[in-house]
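*Asks:* Assemble the complex: chain A is given as a structure, and chain B must be docked to it using the hints.
These protein sequence lines map, in sequence, to chains A and B.
Oh and the first sequence: position 110 is 110 in the working numbering, straight run, nothing missing.
Oh and the second sequence: position 336 is 336 in the working numbering, straight run, nothing missing.
None of these hints come from the bench; they were simulated from the model.
One or more hints might be untrue.
[Stated by the list, open to error] Covered stretches of chain B (chain A as the covering partner; in silico rule of three or more C-beta atoms under 8 Å from a C-beta of chain A): (1) 109-115; (2) 220-232.
[Said to hold, decoys possible] Partial selection, computed: residues in chain B whose CB lies under 7 Å from chain A: (3) 2; (4) 4; (5) 8; (6) 11; (7) 14; (8) 30; (9) 34; (10) 37; (11) 73; (12) 74; (13) 77; (14) 78; (15) 200; (16) 202; (17) 240; (18) 243.
[Unchecked claim] Sample of chain B residues lacking proximity to chain A, with all beta carbon distances greater than 12 Å (derived): (19) 84; (20) 124; (21) 128; (22) 158; (23) 215; (24) 246; (25) 258; (26) 261; (27) 281; (28) 302; (29) 331; (30) 344; (31) 358; (32) 360.
Predicted model, so just to flag it, every value in this text is computed and none were measured.
Quick reminder that beta carbons are idealized off the backbone N, C-alpha and C, glycines included.
Number of protein chains: 2
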Amino acid sequence: MSRAYNFSAGPAALPEAVLRQVQAELLEWQGERASVMEVSHRGQAFIDCAAETERDLRELMGISDDYSVLFLQGGATTLAALLPMNLAGPEQTGDYLLTGHWGEKALENAKPLLKTRVVASDKDGGYKRIPARSTWQLSEDAAFFHYTPNETIHGVEFHDIPDVGATPLVADFSSSILSRRVDVSRFGVIYAGAQKNLGPSGLTIAIVRKDLLGKHGRNLPPIFELQNQSKNDSMFNTPATFSWYVVGLVLKWLKAQGGAAAMETQNRRKSELLYSAIDGSGGYYRNDVEPSARSWMNVPFFLPNAELDKPFLKEAEAAGLLGLKGHRALGGMRASIYNAMPVSGVESLVGFMGDFAKRHG
Amino acid sequence: MSRAYNFSAGPAALPEAVLRQVQAELLEWQGERASVMEVSHRGQAFIDCAAETERDLRELMGISDDYSVLFLQGGATTLAALLPMNLAGPEQTGDYLLTGHWGEKALENAKPLLKTRVVASDKDGGYKRIPARSTWQLSEDAAFFHYTPNETIHGVEFHDIPDVGATPLVADFSSSILSRRVDVSRFGVIYAGAQKNLGPSGLTIAIVRKDLLGKHGRNLPPIFELQNQSKNDSMFNTPATFSWYVVGLVLKWLKAQGGAAAMETQNRRKSELLYSAIDGSGGYYRNDVEPSARSWMNVPFFLPNAELDKPFLKEAEAAGLLGLKGHRALGGMRASIYNAMPVSGVESLVGFMGDFAKRHG
Numbered sequence: 001m002s003r004a005y006n007f008s009a010g011p012a013a014l015p016e017a018v019l020r021q022v023q024a025e026l027l028e029w030q031g032e033r034a035s036v037m038e039v040s041h042r043g044q045a046f047i048d049c050a051a052e053t054e055r056d057l058r059e060l061m062g063i064s065d066d067y068s069v070l071f072l073q074g075g076a077t078t079l080a081a082l083l084p085m086n087l088a089g090p091e092q093t094g095d096y097l098l099t100g101h102w103g104e105k106a107l108e109n110a111k112p113l114l115k116t117r118v119v120a121s122d123k124d125g126g127y128k129r130i131p132a133r134s135t136w137q138l139s140e141d142a143a144f145f146h147y148t149p150n151e152t153i154h155g156v157e158f159h160d161i162p163d164v165g166a167t168p169l170v171a172d173f174s175s176s177i178l179s180r181r182v183d184v185s186r187f188g189v190i191y192a193g194a195q196k197n198l199g200p201s202g203l204t205i206a207i208v209r210k211d212l213l214g215k216h217g218r219n220l221p222p223i224f225e226l227q228n229q230s231k232n233d234s235m236f237n238t239p240a241t242f243s244w245y246v247v248g249l250v251l252k253w254l255k256a257q258g259g260a261a262a263m264e265t266q267n268r269r270k271s272e273l274l275y276s277a278i279d280g281s282g283g284y285y286r287n288d289v290e291p292s293a294r295s296w297m298n299v300p301f302f303l304p305n306a307e308l309d310k311p312f313l314k315e316a317e318a319a320g321l322l323g324l325k326g327h328r329a330l331g332g333m334r335a336s337i338y339n340a341m342p343v344s345g346v347e348s349l350v351g352f353m354g355d356f357a358k359r360h361g
Numbered sequence: 001m002s003r004a005y006n007f008s009a010g011p012a013a014l015p016e017a018v019l020r021q022v023q024a025e026l027l028e029w030q031g032e033r034a035s036v037m038e039v040s041h042r043g044q045a046f047i048d049c050a051a052e053t054e055r056d057l058r059e060l061m062g063i064s065d066d067y068s069v070l071f072l073q074g075g076a077t078t079l080a081a082l083l084p085m086n087l088a089g090p091e092q093t094g095d096y097l098l099t100g101h102w103g104e105k106a107l108e109n110a111k112p113l114l115k116t117r118v119v120a121s122d123k124d125g126g127y128k129r130i131p132a133r134s135t136w137q138l139s140e141d142a143a144f145f146h147y148t149p150n151e152t153i154h155g156v157e158f159h160d161i162p163d164v165g166a167t168p169l170v171a172d173f174s175s176s177i178l179s180r181r182v183d184v185s186r187f188g189v190i191y192a193g194a195q196k197n198l199g200p201s202g203l204t205i206a207i208v209r210k211d212l213l214g215k216h217g218r219n220l221p222p223i224f225e226l227q228n229q230s231k232n233d234s235m236f237n238t239p240a241t242f243s244w245y246v247v248g249l250v251l252k253w254l255k256a257q258g259g260a261a262a263m264e265t266q267n268r269r270k271s272e273l274l275y276s277a278i279d280g281s282g283g284y285y286r287n288d289v290e291p292s293a294r295s296w297m298n299v300p301f302f303l304p305n306a307e308l309d310k311p312f313l314k315e316a317e318a319a320g321l322l323g324l325k326g327h328r329a330l331g332g333m334r335a336s337i338y339n340a341m342p343v344s345g346v347e348s349l350v351g352f353m354g355d356f357a358k359r360h361g
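With the rest of the complex left out, here is chain A (with noise of 0.2 Å):
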């Protein structure tokens, strides 16, 4: 057994503690006598297994009984086309503002849906801060207002919950629910795939406020009907019931670390651990995001020369740090910090970086 400390964007690291449970259930699951993989979404166990997840996502984040919470597949990207569909007729204007990738990604997929508004991007100045309220151009009748709490490539996150009056925020909270504490009753909608915070890839929670579904006026097919999985408690299909379980798990983890204040209070500290170690390299290490929008779960950062990314990344690998390198579209290094990240790992990240620059400065 040698588990590394893994970095990855997501998928990402679990709980060990999660994984020992699976591991030793997964044949035989409660008194099922198969494995959970095995059993019957409508059989009771199950049944009662996505209950209680339900309750204590419910408990974890404050979510009133104003708000549907469904457990859907398709990942984030999905819901931010059936979103739109939900929330809107064709005729009306969803409000998008840009901070990111991600938040360009779900403009795309509402654009042949509804009218939509840039309500302000910092694309050209390469998303490394939030645009300052006083320039966002709101729509004034806005079906909804969508933003991306946290941009897991760019490591542009908000700190606090903007003011958009009474349009509905719409949050893809994909890389930072349960990251901190977080009001959900100023929301229209928070979803989130679950391969950061949460559990494995293919499962996606959407926490949607009741009375926004059914008003859009238009004839969906209904498997797109978020309404129709509202009323079944998400099994209006089959649901990815493996992964659900597994989020189970992770949130009765998350419970006995203390909720989402302890995780609040861990991954400050983590985050300021290593923007500490970037700012004070001398300039070895460089991340551009504005400190005010410096995101605590996704920290890109950047070499001196690109020449440098390779051994670095090798050498990494090699002292148990996974999962370093960038992603694509931005290139240089990126360290994801979720929940399931422990101090040490971030510790041991920041101590072998300073090593490193030692030796390639």
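*Replies:* Chain B alone, transformed into the frame defined by chain A:
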């Protein structure tokens, strides 16, 4: 350890050897120092695993390079909506042959997207037979012909491939993929949810003739455009990596068993055993499907009266025979005997049925 015979319709039994391998390498996969759930889908190890799974599927089914093999999320029901969007424009017609519940569902999901025609249906007859070919009212210019080779709930299966001329056949093979040899070149599209013969729920396979894609003339969200998945090796967005990996292990197991031909022999034998027991029970057990259309995969059957259902299920569970409750749409019992169900499991069921009939007859 007391694993039982699991007759669940899906999620369904997996080969025990596959589960043992998953268990053994759950914390450290190959040389990755991480779980397969934790590694990036863009990393070489997963890319190799994904590509090998596709190669094995192509080999097992004899899929030529004229076809894309896609590994998608969303279940077969999502494909029932995505396929009409991708194969035809809104003014074109899709022909639908209905032989059970899932054909109906596919039609419902297509109706908002294009013109549809029900070519023939046995709905009024309770879905107990395949309407005679001579009664099918095909459109002259259908963009595709959709049918369900095996209806999981009603237990109606085609034992040959329908001839509809040059119209591309689109077939939902969710419950019978790889259960027998199939001439893929006769099809435009074969699609299947994984959770019956291939792996865990949360992955859907689509085998699509390449020339059929990209001609619909619609302005689709990019994530709904199957050609984008085709061009990106099903990694246009993050795929369901763990499910993909498990399907890969199931395919290796299938190859070791002798592939589709060996499964065909075994599945024929298993279904003959069970139908013989039903037909030879002196009317105690009853299957209503016309013998020529009886499914090899899903065998619905009824007891003399519904009051016997509960004791039957209870005693069956005590005897280590799980998941026999029929679908709520039909009632009664259902034994799903997919590839992973050994002959010994069916023998055990048949023995129990005889014994139960004697005690409660």
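*Asks:* Would the non-interface assignment of residue 331/B survive a Cβ cutoff of 12 Å against chain A?
*Replies:* holds, 14 Å
*Asks:* A cut-off of 12 Å on Cβ-Cβ distance, and residue 360/B was said to be off the interface with chain A. Does that hold?
*Replies:* Fine: 24 Å to the nearest Cβ keeps residue 360/B off the interface.
*Asks:* So is residue 261/B really clear of chain A, every C-beta pair being over 12 Å apart?
*Replies:* Check passes; 25 Å lies beyond 12 Å.
*Asks:* Are all C-beta atoms of chain A more than 12 Å from that of residue 246/B?
*Replies:* violated, 7 Å
*Asks:* Min Cβ distance, residue 243/B to chain A: is it shorter than 7 Å?
*Replies:* holds, 6 Å
*Asks:* Double-check residue 78/B for me: the hint is only fine if its C-beta lies closer than 7 Å to a C-beta in chain A.
*Replies:* At about 5 Å, which falls below the 7 Å cut-off, the nearest Cβ of chain A leaves the hint on residue 78/B intact, so it holds.
*Asks:* Mind verifying the non-interface call on residue 128/B? Its CB should be farther than 12 Å from each CB in chain A.
*Replies:* holds, 24 Å
*Asks:* For residue 124/B, is the shortest beta carbon distance to chain A beyond 12 Å?
*Replies:* The assertion about residue 124/B holds, with a minimum of 23 Å to chain A.
*Asks:* Closer than 7 Å between Cβ atoms is the bar; does residue 240/B clear it against chain A? Give me holds or violated.
*Replies:* holds, 3 Å
*Asks:* Please confirm whether residue 302/B is truly not at the interface, meaning its C-beta sits more than 12 Å away from all C-beta atoms of chain A.
*Replies:* holds, 19 Å
*Asks:* Hint check: is the beta carbon of residue 11/B less than 7 Å from a beta carbon of chain A?
*Replies:* Hint holds; residue 11/B Cβ to chain A Cβ min 6 Å, cut 7 Å.
*Asks:* Hey, is residue 258/B genuinely clear of chain A, shortest beta carbon separation above 12 Å?
*Replies:* For residue 258/B, whose nearest Cβ neighbour in chain A is about 23 Å away, the distance exceeds 12 Å, so it holds.
In summary, the structure is inconsistent with hints 8, 19, 24 from the numbered list given earlier, while agreeing with the others.
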